[in-house]
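Build the full structure now, drawing on both the sequences and the hints.
The lines below spell out each chain.
2 protein chains.
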Amino acid sequence: MKKELAVVLVSGGMDSLVTAAIAAGEYEKLAFLHLNYGQRTQTKELECFKKIADHYGVKPSLQKVIDVSFLKQIGGSSLTDDTIDVKKYSGESEEIPDSYVPFRNTHIVAMAVSWAEVIGAKKIFIGAVEEDSSGYPDCRPSYYKALNNLIKEGTKDGDIEVITPVINLSKEQIVLKAFELKAPLESSWSCYDREDSACGVCDSCALRLKGFQKAKKEDPINYIERPTYA
Amino acid sequence: MKKELAVVLVSGGMDSLVTAAIAAGEYEKLAFLHLNYGQRTQTKELECFKKIADHYGVKPSLQKVIDVSFLKQIGGSSLTDDTIDVKKYSGESEEIPDSYVPFRNTHIVAMAVSWAEVIGAKKIFIGAVEEDSSGYPDCRPSYYKALNNLIKEGTKDGDIEVITPVINLSKEQIVLKAFELKAPLESSWSCYDREDSACGVCDSCALRLKGFQKAKKEDPINYIERPTYA
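Chains A and B, in that order, are what the protein sequence lines are.
Counting in the numbering used here, the first sequence runs from 1 upward without gaps.
Counting in the numbering used here, the second sequence runs from 1 upward without gaps.
I should point out that these hints are in silico values taken from the structure, not numbers from a laboratory.
All of these numbers come straight from a predicted model, not from anything done at the bench.
One thing to keep in mind: the hints can contain errors.
What the hints assert, rightly or not - Label-pair distances were calculated between CB atoms; the ranges are:
id, chain 1, residue 1, chain 2, residue 2, range
1, A, Pro-227, B, Glu-47, 48 to 58 Å
2, A, Ile-119, B, Asn-149, 22 to 32 Å
3, A, Ser-142, B, Glu-131, 31 to 41 Å
4, B, Pro-60, A, Lys-2, 49 to 59 Å
5, A, Glu-28, B, Glu-180, 32 to 42 Å
6, B, Lys-182, A, Ser-69, 35 to 45 Å
7, A, Glu-180, B, Asn-168, 51 to 61 Å
8, B, Glu-28, A, Ser-61, 30 to 40 Å
9, B, Gly-25, A, Asn-222, 53 to 63 Å
10, B, Gly-57, A, Lys-72, 25 to 35 Å
11, A, Lys-2, B, His-55, 51 to 61 Å
12, B, Asn-168, A, Ser-142, 24 to 34 Å
13, B, Asp-157, A, Lys-72, 35 to 45 Å
No residue lacks a Cβ here, since even glycine has one placed at the ideal position from N, Cα and C.
In structure tokens, the structure reads:
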């Protein structure tokens, strides 16, 4: 028997798409939350969010888009600051990239927790991925453990939990999972730089394409160029 | 010797005023952060924020106001939802009041953490008070312990810390502390309901007035009515 209501954070990217597909298999009713934080590609990501929500039959009243452009006011990141160029992919690196928004996932999950409490959902799905996340400190399992502890302390009933079903998967495994669950990959978007066709060369495109190439699958979206990464 | 730079969350209320006064005694340079979240009295609170910032010599470039009216979109609270009336004070209660914004302090502190990381501050002062906070779960010391653990896990260097210098004080002690530190109480605002003169009867006015009455001090701000609570 499927469980009742879960919130899913859906950016429109591949990781959140697969996370939504997993949640759809376990929960009767889904509520989708999308955040616009002033990123370059927000129109395209919102379009993907809506397509994915419709694909999984999420009721319009449970599709929520929140503008969090205050993150732009805080600055310090190429995702939210138009004056900083998006860097091209330059191979594996231990360094935190300049697309880093300090403590970003805490803002994102806090929205989901507040909303979950209002609509009575007890689970929140987020597509955080440790590998391929270029060292963002808030993509690690230990961060989510600490976050769940905070939610226990900071909410009315203390019974809301964040679930990260793809956190230990590689991009290759995420691609394979998407095919296994028949997730609508053509309705997802990963490029940080463009909205018409994916650039193929930003960090996020590179990780996505590498995942498809390792999985020996074809990415259904359009690219300006498709370098070989794998 | 005073320590270098600290962020202080300043709502414009009495608790954050005293917190700012304490931080000013310990830190060489302060950065003040104020959040507009669509509350009824936001114009008045912003005015108080600016007066307090000027009083403590905070540079304009380190006075930051962030609009977080997305909290209004989440709903579920009389502080952010104009269709719900602000309740009058009805004595001590164990219940969480309807002015509760789910998980609110997490949003607030997350902003401060992001900003602190950008400007290089290592400490964040917040005027959370456990007593008199009507059971908000995110005003308890255990919540801040969990939050500091999360910050350790979720930030680049893991060395930012939230400090709650008034968390164990009663409103009476906060009033006395304000007088001891010569904090500009006339530039603070607590009323949830009005901006011209404080109403004197909302929960927040009642707690403030009770604090002054127990401390045997005169509150310098204007009230429509000043019931006796102590």
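query: Which of the numbered hints are not met once you compare them with the structure shown?
result: 5, 8 and 13
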